[in-house]
Every structure is written in C-alpha cells, then in structure tokens.
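Visitor: The residues making up each chain are set out below.
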Amino acid sequence: MENHEHEPHENHITSYTTLAKVLIGLLFLTFITVAVTGIHLGPLTVAVALIIACVKGGIVLTWFMHLKFELPVFRYMVLGVFLLFALIIIVTFFDYAFR
Amino acid sequence: METQNNQLNYIEDTQGRWGIFAWIFSTDHKRIGILYLISITTFFLLAALMGGLMRLELIAPGETIMDAQTYNGLFTVHGIIMIFLVVIPGLGAVFGNFFLPIMIGARDVAFPRLNLFSWWIYMAGAILAVYSQFAGDGPPDTGWTFYAPYSTESGTNVVAAVFAAFVLGFSSILTGLNFIVTIHRMRAPGMTWFKMPLFPWSLYATAWIQVLATPIVGITLMMIVAERLFQIGFFDPALGGDPILYQHLFWIYSHPAVYIMILPAMGVITEIIPTFAKKSIFGYKAIALSSVAIAAVGYFVWGHHMYTSGMSGTARWFFSFLTFIVAIPSAIKVFNWVATMYKGSIDARTPFLYAATFIFLFMIGGLTGLVLGSLATDVHVHDTSFVVAHFHYIIFGGMGFAFFAAIHYWWPKMFGKMYNERVANIAWLITFVGFNVLYFPLFVIGIQGMPRRYFDYLPEFHAGHLISTIGAFILLSGLFLMIINIYRAKKHVTPAGDNPWGGVTLEWQVPSPPPTLNFDEIPTITKSPYSFEK
Ligand SMILES: [Cu+2]
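In order, the protein sequence lines correspond to chains A and B. Reading the first sequence from the start, the letters are residues 1 to 99 in the working numbering. Reading the second sequence from the start, the letters are residues 1 to 534 in the working numbering.
Hints in this document: simulated from the structure, not taken from any laboratory. The model shown is predicted, which means the values in this text are computed figures rather than measured ones. Quick reminder that beta carbons are idealized off the backbone N, C-alpha and C, glycines included. Misleading hints may appear alongside valid ones.
[What the hints assert, rightly or not] Cβ-Cβ distance ranges computed for the label pairs, FRET-style: (1) 527(B) x 24(A): 43 to 49 Å; (2) 62(A) x 215(B): 18 to 24 Å; (3) 44(A) x 136(B): 39 to 45 Å; (4) 23(A) x 231(B): 34 to 40 Å; (5) 49(B) x 86(A): 22 to 28 Å; (6) 44(A) x 153(B): 47 to 53 Å; (7) 69(A) x 499(B): 44 to 50 Å; (8) 38(B) x 69(A): 41 to 47 Å; (9) 24(A) x 11(B): 54 to 60 Å.
[Claimed, not checked] Taking lysine-lysine pairs in the DSBU-like style, the calculated list, with each CA pair at most 35 Å apart, reads: (10) 343(B) x 278(B); (11) 278(B) x 527(B); (12) 195(B) x 68(A); (13) 527(B) x 195(B); (14) 343(B) x 68(A); (15) 285(B) x 491(B).
Put together the whole structure using the sequences plus the hints.
Guide: Written as structure tokens, this is what we have:
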C-alpha cells in the first residue's frame with residue numbers, strides 16, 4: 001500500500017527539560033520501590049511493587065518511546081497489552097489467594 | 001521494475017546469487033517460506049521416526065528395544081522437536097510467509113530482512129535443540145514441559161534444550177510482529193478488514209499470541225536456567241519457592257501456544273472448503289471474529305493443565321468454566337464449515353479430503369478435550385494415555401492434517417506442477433486409517449488407567465498397545481508415500497496452470513509459480529474474497 005497519508009508527525013523532538021523531568025520521576029519511583037520493601041504490607045507487597053513498575057513502564061512508553069506522539073491505534077494496542085498482563089496476574093492469584 | 005508477462009518467476013529469479021545462497025540469503029517471502037518448508041519437513045520426519053521407535057518399544061510389555069532412560073530421552077526430544085520446531089512455526093512460517101502477502105495483494109511482508117533473520121534464528125535454535133540431544137550428559141528427560149522441580153535437578157542436558165526453546169521463541173515473536181505490521185499496513189487498496197481472506201485473519205490472531213505470550217515462556221525457561229545454576233529459589237520449596245508457580249508460568253504461554261498451532265490450521269481449512277464446495281464461505285464475520293475470540297479467551301484457560309497439581313479449588317472451577325467457554329468459538333467455525341458445504345457442489349479432490357479429515361479428527365480431539373477440561377473427569381484421566389491421544393488428535397489430526405491439506409492445495413501454485421492425484425488419494429486413505437488405528441486405542445487404555453510417559457506396562461494393556469503400534473507403521477508408510485508423491489510432482493511435464501482448483505482468492509490470480517514481485521500491478525479490491533458468482 002503506497003499510502004502515507006496517516007503518517008504521524010515525523011521525528012518529534014522532545015526537549016531536554018522534559019526528558020530530564022521524566023528521568024527524575026523514574027528515579028523517584030525507584031526510590032519508592034526500595035523504600036516500600038521496608039514497610040510490612042503482607043500479600044500486598046507484590047501488588048504495590050507491580051503497580052509502581054507499571055507506572056514506570058507507562059512513563060517510559062509515553063515519553064521515551066514517543067507513544068504520546070503516535071497514532072491512537074498504538075496507544076490502544078499498548079493499553080490492551082497492559083490489560084492482558086494485569087488480567088493474567090489477577091487470574092494467577094485466583095490460585096494463590098484461595099489456596 | 002521488470003515488466004508485464006515475461007517477468008521471471010521467483011524460482012528462476014536468483015537475484016544474482018549462486019546455488020544455495022540464492023535461498024539462504026534471499027529476502028523474498030516465497031523463498032523464505034520454502035526454506036521453512038524444507039527445514040520443518042526434515043525435523044518432522046526426524047521426530048516422527050522417534051515416535052515410531054517409541055511405539056516399537058511399547059509393542060510388548062517389558063523392555064523390548066530400549067531401556068527406560070532412553071525412552072524418557074526419546075519422548076522429551078520427540079516433544080521438543082515436534083512442538084518448538086514443527087507445529088509452532090508450522091503453517092504460519094511456511095504458508096503464512098508464502099501466501100499472506102499474495103493473499104492481501106502485497107509484494108512482500110513489511111520487513112523482508114527481519115523475515116530472513118527469523119529463519120536464521122530458527123535454524124540457530126534448531127541446531128541448539130539437536131545439539132542438546134547428543135552432547136553433554138545425555139538427552140533431557142523432563143518431557144517437553146520442563147516441569148520444576150525435576151527440571152532444576154535432572155542431571156541431563158536440560159540447560160541446552162531450554163536455551164534452544166528460548167532462542168526459537170525469538171523467531172516466533174519476530175514472525176508474529178512482521179505479520180501484524182504486514183496485515184495492518186500492506187493490504188491492497190480496497191481490501192478492508194472484512195474483505196480480507198480468512199487465512200490472513202487467522203494469521204493475524206495467531207501473530208498477536210506469538211508476540212504477547214512467547215516472552216512469558218522465554219522468561220520462565222530462563223528462570224529454570226537461573227535456578228539450576230544459582231539456586232535462586234523460584235520453584236524449589238526448600239528455598240522458599242513454589243513448584244506450582246512454574247506450571248502457571250509455563251502454561252500461561254503453552255496453552256495459547258496450542259492456538260498458535262491450531263488457528264492457522266483453521267484458516268487453511270476455511271480457504272479450502274469454499275474452493276471445493278464452489279460456494280462462498282458461510283458466516284464470514286463469525287469465522288473472522290471467532291479467531292480473535294479464541295486468541296483472547298485462550299489466554300485465560302491455562303489452569304486446565306493443573307487440576308491435579310494442588311491449585312486452589314476456586315482457580316480450578318474458574319479455569320474449567322473458561323475452558324468450556326473457549327470451546328464455543330471453535331464450534332462456531334465447525335458449524336460454519338459444515339454450513340458452507342451444505343448444498344455446495346462438492347469436488348472431493350485431495351485437498352478437500354484432507355480438509356474434511358481435519359474436521360473429523362478435530363471434532364474427536366475437541367470433544368475429548370472437554371472430558372479433560374471438566375474437573376471431575378480430568379482427575380480420572382490426568383496423565384494417562386487418554387491425554388496423549390487427545391492432543392495428538394488436535395495437533396497431528398488437526399494441525400498436521402491441515403498442513404497436508406495446505407501442501408496439496410497450494411503445491412501447484414508454489415511450484416507450477418501437479419502431483420499424481422490418484423496416488424495422493426491413496427496416501428490420504430493410508431494416513432487417515434493409520435492415524436486412527438494408532439491413536440484411538442490410546443483413548444481406551446487411557447481410561448482403563450494406562451499412564452503416559454511409561455516405557456513399560458501391565459499385560460492387560462497389551463492388546464491396545466499392539467494395535468497402536470501397528471497403526472503407527474501404517475501411518476508412517478502413508479506419510480512416506482505422500483511425501484514421495486509430492487516430491488515426484490516436479491517430474492511432471494505439463495504445468496498445473498494458474499488456477500487448477502477454481503479458487504477465487506488473490507493467489508489464484510497470479511501465475512504459478514508466482515513472479516518475484518507477485519503482481520504486475522497491485523489489484524484494487526472491490527468484492528468479498530469468496531464471491532464465486534461471476
Ligand atoms: Cu490447554
């Protein structure tokens with residue numbers, strides 16, 4: 001198909017300031033992940049760690065991997081993958097939570 | 001671009017490369033399809049012979065031709081080769097590569113070099129897999145499932161085998177990625193999603209499973225390696241691990257992997273039946289969307305492999321319930337195939353015979369699958385030869401016979417020569433009979449209590465095993481006849497013609513064999529893919 005009409009903004013350039021802010025955000029979340037292990041949350045430990053990891057993954061995808069500047073279809077695809085991943089983990093815990 | 005009708009076909013056009021290099025370095029999707037065809041057929045024959053040896057061992061009680069350890073190695077290697085090297089790439093890598101671009105009106109896949117790279121990774125993984133069988137401390141004896149904690153302790157060559165499966169996963173992911181992008185971006189003008197043929201639809205659903213599920217098994221297999229080398233404690237209870245976690249992680253991939261095998265097979269059958277019934281497919285959208293439904297729901301049924309593992313009761317009924325749900329879209333397809341044939345003018349030539357056989361064997365495999373999917377009955381037949389019979393009906397009777405259907409259907413298009421149809425029909429009859437004589441007795445002795453993966457058995461199972469072994473040799477002779485007959489097609493002088501079956505999808509509108517660039521001019525699509533009315 002020789003049609004490029006849907007091509008998104010080519011070569012979007014993100015400013016260094018934005019990138020630096022994102023980096024600081026990621027580092028902050030990493031500290032939280034470490035700090036949280038000190039608090040005793042019982043079975044929720046895994047959930048908290050996974051949620052923080054997902055937020056970090058989301059940030060990386062949005063800015064570093066330019067999802068923010070892409071076609072909506074890619075966002076839906078990534079959202080679908082996250083949903084699938086979350087569901088798989090929840091279903092696995094149907095076993096662990098009721099054993 | 002070369003022009004008009006005197007274009008070279010893809011076999012003549014070596015693009016200036018010499019001999020074998022014109023194949024192993026070609027980025028033409030058709031040549032890559034042939035590369036996979038040759039590699040997959042080779043590994044299939046190798047593993048089929050191993051199956052024959054296993055059946056020979058089981059011909060009579062007691063040790064006949066091999067000891068228990070050799071038998072354990074043999075069923076593991078048979079499983080690894082068949083699953084990871086043959087049925088998972090199988091139809092997608094061979095016929096998907098060859099026909100997907102042609103059927104959607106494209107000149108190639110979206111990333112031709114990545115496509116060639118996928119084949120190279122496949123070969124690297126294959127060599128590793130074969131190496132793991134002969135090097136080191138003996139072939140792995142864990143079964144293809146590599147269940148922990150045994151796989152973390154077995155003294156055999158588990159790491160190499162596991163690493164081979166890991167490498168092969170990359171090939172699968174890259175092929176899936178390539179197909180997704182190809183289908184999204186390269187369809188001919190006018191080919192909307194619902195004007196796309198159904199084999200590409202099934203490849204699309206499959207590709208998503210390949211991309212999303214394969215990484216999970218990759219990580220899981222690496223966890224086995226880490227556990228073996230560093231005693232991390234993922235799966236070993238003594239170190240605080242959980243062996244059932246391994247089964248979860250493994251089946252989160254390996255159940256959807258069953259759909260990587262069977263969805264393209266269903267796609268092939270959906271192409272063949274309208275062509276030989278001379279009738280538009282019944283329920284086009286239902287078939288297209290049921291592929292997607294199977295792919296989606298298929299992610300959440302993995303626990304049906306684990307009913308007796310000690311999983312919680314809640315999880316068990318949940319997985320059992322969803323397993324019954326996932327049977328619905330499969331049944332929808334079967335009803336649509338039958339409805340397509342209804343009142344059609346059926347021309348029962350070789351590809352149709354294989355396609356009809358697919359439906360028959362798939363039904364037996366599918367319904368016995370429900371026996372395994374329901375909690376109470378599974379407890380009785382779990383880990384018996386009933387399970388072995390069930391999945392051979394699905395994978396061999398389903399995917400395998402769909403592969404045979406596909407090769408007989410598309411061979412004249414791929415090489416421009418027709419095989420001897422009379423011999424092909426005889427080979428079909430022998431394989432069909434041999435298949436059932438081989439696998440049906442396993443259902444019976446399975447219900448009677450014959451465990452799987454045992455090299456020996458009690459005398460009461462002798463009759464069943466003897467019949468089964470006889471079936472194995474009928475089946476093998478049928479397979480050899482089929483392969484020789486197809487191979488001899490190249491000796492035929494008369495060309496098969498561009499459209500020997502009267503098919504209507506795009507691949508029948510290009511010359512046989514197709515030119516390198518597939519189309520002189522990319523067609524514009526206005527009609528549904530299966531309109532037989534002129
Ligand atoms: Cu399953």
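Visitor: Work down the list of hints and note, for each, if the structure agrees.
Guide: Hints, one by one, checked against the model:
1. 527(B) x 24(A): 43 to 49 Å: Once the Cβ atoms are compared, 57 Å apart, the range 43 to 49 Å for residue 24(A) and residue 527(B) is violated.
2. 62(A) x 215(B): 18 to 24 Å: About 21 Å separates the Cβ atoms of residue 62(A) and residue 215(B), which means 18 to 24 Å holds.
3. 44(A) x 136(B): 39 to 45 Å: For residue 136(B) against residue 44(A), whose Cβ atoms are near 44 Å apart, the range 39 to 45 Å holds.
4. 23(A) x 231(B): 34 to 40 Å: Holds: the Cβ-Cβ distance is about 36 Å, inside 34 to 40 Å.
5. 49(B) x 86(A): 22 to 28 Å: violated, 45 Å
6. 44(A) x 153(B): 47 to 53 Å: Check failed, 33 Å falls outside 47 to 53 Å.
7. 69(A) x 499(B): 44 to 50 Å: holds, 47 Å
8. 38(B) x 69(A): 41 to 47 Å: holds, 44 Å
9. 24(A) x 11(B): 54 to 60 Å: holds, 59 Å
10. 343(B) x 278(B): holds, 10 Å
11. 278(B) x 527(B): Judged against 35 Å, a Cα distance of about 16 Å means the pair holds.
12. 195(B) x 68(A): holds, 31 Å
13. 527(B) x 195(B): holds, 7 Å
14. 343(B) x 68(A): violated, 53 Å
15. 285(B) x 491(B): violated, 41 Å
Of the numbered hints listed earlier, those contradicted by the structure are 1, 5, 6, 14, 15.
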